[in-house]
Amino acid sequence: MFDPIPWLILLPLAWGCLAFLAGVGRGGRLAFAGLIIQLALTIVLARQIAMEGARHYAVGGWGAPLGIDLYVDGLTGVMLLLIHVVTLPLVVYARAYFSCQAEGVGYFWPLTLFLLAAMNALFMSADIFNIYVTLELLSLAAVGLVAAAGSAGPIAAAVRYLLVTLLGSGAYLMGVALLYGTYGSVSLTVLGPLLAATEISAAVFLAAMLMLTGLLLKTALFPFHFWLPPAHGSAPAPVSALLSALVIKASFYLILRLWFDLFAPLVTIPVAQLLGGLGAAAILWGSVLAFMQVRLKMLVAYSTVAQIGYLFLLFPLMMLPIPEAAESALQGGMMQLVAHALAKAAMFAAAGVMVLSAGKDDIALLSGMSSHLPLTLFAFALAGVTLMGLPPSGGFIAKWLLISSAVNGGQWGWVAVMILGGLLSAAYVFKVLCQAFLPPVAGVKFKPVRRVLEWPAFLLALISLLLGFRSGEILSLLGGG
Amino acid sequence: MNFNGSLPLLVLASSLVPGMIIFFLPESRIRLRTTLNLAGAVLKLLLIGYMLWGVQHDQSYVFRYDVLPGLELIFKADALALLFVTLSAALWFLTTLYAVGYLEGSPHRSRFFGFFSFCVTATVGVAMASNLFTFFIFYELLTLSTYPLIVHRGTEAAIRAGNVYLAYTFTGGAVLLTGIVWLYGLLGQVEFTHGGVAAILGSEHTAQLQVIFLLLIAGLGVKAALVPLHGWLPQAMIAPAPVSALLHAVAVVKAGAFGIIRVVYEVYGIEFVQTLNLLMPLAVVAAITIIWGSLRALWQDDLKRCLAYSTVSQVSYIILGVALFGPTGTIGGVVHLVHQGIMKITLFFCAGNYAETLDVHKIIEMNGAGRRMPWTSIAFSVAAFGMIGAPLTAGYISKLYLSQGAEMVGMAWANWVLTASSLLNAAYFLPILYRLWFENQPQMWLHERIHVRGRWETHRLLLMPPLITAAATLAAGIFADTGWSPLFWVKLIAEVEFTVK
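So the sequences go chain by chain: A and B. The numbering of the first sequence is my numbering, which starts it at 8 and goes up by one. The numbering of the second sequence is my numbering, which starts it at 3 and goes up by one.
Hint data in this document are derived by calculation from the structure and do not stem from the laboratory. Here the structure is a predicted model, which means the values were calculated and not measured.
Beta-carbon label-pair distances, calculated as ranges: (1) L427(A) - E193(B): 24 to 34 Å; (2) L394(B) - L427(A): 47 to 57 Å; (3) P230(B) - I50(A): 48 to 58 Å; (4) L27(B) - V31(A): 36 to 46 Å; (5) L174(A) - V19(B): 52 to 62 Å; (6) S8(B) - P330(A): 32 to 42 Å; (7) P277(A) - E193(B): 37 to 47 Å; (8) V51(A) - V19(B): 29 to 39 Å.
Calculated from the model, a selection of chain A residues having no Cβ within reach of chain B, i.e. all distances over 10 Å: (9) L25; (10) P272; (11) P455.
All C-beta atoms in this analysis are idealised placements derived from N, C-alpha and C, irrespective of residue type, glycine included.
Input sequences plus hints: build the corresponding full structure.
Here it is, written out as structure tokens:
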């Protein structure tokens with residue numbers, strides 16, 4: 008049987024190296040072709056997981072503890088599919104984008120491909136040290152992408168991003184060291200049962216806290232969100248889309264993995280409540296700040312801060328004693344992750360086109376956009392529908408599942424936060440749409456943009472909208488592994 | 003999937019697909035756009051005609067799709083759904099004709115007709131939805147697809163009205179969602195069933211069910227413009243006339259009223275609502291809305307605003323009919339869903355005609371307009387008399403059944419409310435009619451936009467739709483006893499709802 012697992016890591020690395028050798032600004036076509044192949048591989052892998060369930064893969068025939076073990080299950084399958092489905096339209100978009108605005112292209116292609124390789128490896132890693140390595144690779148590629156824009160603002164944002172992300176990885180690595188010192192293993196499959204079987208020592212507690220905090224920092228959960236808006240808001244639009252849609256999801260994925268596979272014996276209701284509380288604060292505060300922004304891309308970036316919050320509501324809801332409530336919380340959280348990734352990629356891509364056309368990143372300049380770029384504005388609005396959690400989008404199914412979990416568990420506080428969050432997100436999405444519906448300001452000239460720049464955002468937004476009808480498949484893949 | 007199962011989907015597609023194509027048509031393709039629109043509307047009417055025939059011959063048209071296990075999308079063309087679907091499709095057809103004439107030469111018509119088609123698709127979805135989950139999906143889609151129509155002109159005032167509209171409807175939607183999810187938690191997945199299903203829950207759930215009912219009615223009441231949730235409706239009249247016509251007659255307010263009908267009869271069951279002691283408060287809210295809307299209409303000097311407050315009042319006739327605990331009241335309420343639609347759409351068409359032809363917006367400017375535009379004014383007068391409840395009109399039938407229904411269940415006060423409302427209706431409509439027909443017309447119309455063309459007092463496409471709906475207003479009143487009247491169909495529905503138990 009053909010096994011796509013190693014190829015999903017090797018291929019993007021190879022494309023990345025080739026793109027690097029090709030020189031500055033080159034490699035777009037290669038990335039496009041490469042991604043089509045990888046998407047096909049991912050689909051093959053997802054089908055294998057759906058039919059045969061989760062499995063280990065020993066790299067080079069040498070499994071743990073000597074060699075490196077990879078592991079794929081339903082969660083991995085969903086994440087891998089997601090990143091390829093999001094990235095492929097973004098590659099088309101980025102090629103068109105950088106042909107209009109050469110500034111910032113730099114080493115975009117090799118860095119993006121390395122980013123993909125790192126994410127693929129991260130989702131398939133089965134030990135906490137490998138995870139560290141892939142996490143570091145991911146962060147460095149992401150920082151490089153932010154810095155590629157070159158001007159002072161992005162550089163400052165990139166440096167701050169670099170420091171935060173290094174701090175996060177450092178904390179994580181210390182946790183890994185403590186765990187290794189205590190148990191003498193880094194494999195998730197070995198450590199999980201060990202932790203469950205033995206008395207938890209202070210060192211292990213400390214390790215869990217360090218690892219969790221490091222990852223929260225990277226996921227930009229409130230109050231660690233300060234670095235995200237400048238980094239995502241000032242990067243070139245294709246980079247913003249990649250970072251906001253996918254990169255923060257990687258560290259969230261790790262939190263989820265560690266929470267259930269490793270630290271399950273340590274997890275207590277107060278900790279889960281704390282994470283949920285931070286999530287709730289992120290939803291409300293992020294939405295309010297998004298509404299107050301005057302720059303379009305900053306608004307979209309703060310919306311990411313808010314939307315991450317929903318993911319963390321999953322933790323307290325999963326602790327509910329009612330099995331159906333806990334199950335629908337996990338399903339809702341994962342749907343939110345997938346729907347937000349698609350919608351946010353669409354939204355940043357659409358915002359990028361509007362900014363490119365208006366010449367400056369300012370919401371006040373959007374007047375008249377509804378007649379100048381109707382398709383792009385439509386894409387923005389459809390993505391907004393997902394973020395607001397309105398039907399029939401994937402975001403709606405996510406909120407339905409999360410709210411029904413909270414209602415069944417009698418958790419009215421979380422219900423109120425989610426309902427309020429939906430209304431607040433409507434406020435900031437419609438702030439943009441209203442402005443775009445106003446008649447154009449006299450004297451403002453919009454630059455024409457290429458049509459190929461408009462379609463990827465629309466496609467992504469459409470997928471996020473229609474996702475609601477296919478959520479059954481996603482959730483069954485998730486449960487299948 | 004069998005053929006009968008696909009029919010509800012085809013009905014949805016007959017407006018959704020043209021809408022999607024229209025979005026991508028360039029502005030200049032007027033002929034293709036109009037053809038697509040009308041072809042969709044005619045196809046929809048034909049499909050519905052076939053289903054009407056089928057339902058009378060015990061056919062059922064159900065489509066099911068599992069979104070998630072335990073979360074089903076169900077469309078079902080039952081008698082009640084078909085009542086609303088027929089109304090929407092027929093009025094959509096006429097409104098499309100009207101809009102083609104109304105928007106001639108104005109910008110962004112592809113966008114307008116695209117969202118217009120989506121709006122009707124959402125309304126039809128609301129009508130055919132057979133559980134609350136499906137209902138909610140289309141209820142929210144309706145909000146989203148009407149917003150671009152309300153702000154269509156892109157002026158500051160339009161945007162402000164749009165914001166008010168969104169603030170009301172999104173909040174209402176959120177409240178409704180909470181109620182629906184809560185009910186799903188208690189009952190699991192339930193379909194709309196004649197006689198309701200909530201009664202199976204034991205008495206320990208009474209308090210919860212009361213709160214849920216409150217949430218559902220509050221959420222739906224925003225769109226149905228129940229006082230004090232009606233604030234958006236008078237603002238939304240800033241929209242172009244065909245949009246107002248559709249909003250007030252079929253789309254938004256009716257979706258709210260229709261939802262209340264579904265919740266009361268087919269989720270809770272009317273008898274169970276009565277045992278929960280919730281029917282009386284509902285009747286009181288409806289009565290207050292009826293009086294308040296009429297009172298406010300008295301003080302308006304803008305014609306469309308006056309009509310908007312009149313809608314606030316008239317839609318609550320439906321709710322009052324629902325809240326009267328008996329088949330006769332139900333018949334009066336449900337049949338008013340149709341009657342109010344055809345009467346109100348006539349009035350808005352006519353208001354649009356005055357505005358487009360003579361640039362007349364205020365009531366005081368209407369002096370003598372009857373001589374200049376006799377056909378429009380005849381249609382307006384017929385519909386206005388219908389609203390007052392004059393004999394031979396559709397409005398008379400509604401009020402007759404409502405007052406008999408109130409009589410039968412011993413709610414005499416409801417009769418007083420109806421009488422007071424009729425007097426108030428007369429108090430604001432008769433002065434307008436007096437101005438139209440008996441005041442002298444000014445020397446010349448200052449801003450006449452469309453001049454008399456031969457026999458036509460205005461654009462032909464603007465004149466035909468109100469004449470047809472005015473004729474329908476009379477026909478629904480005069481031929482109420484025949485087998486083809488809305489009343490006959492509603493009696494069938496009422497029989498089913500009240501004999502199941």
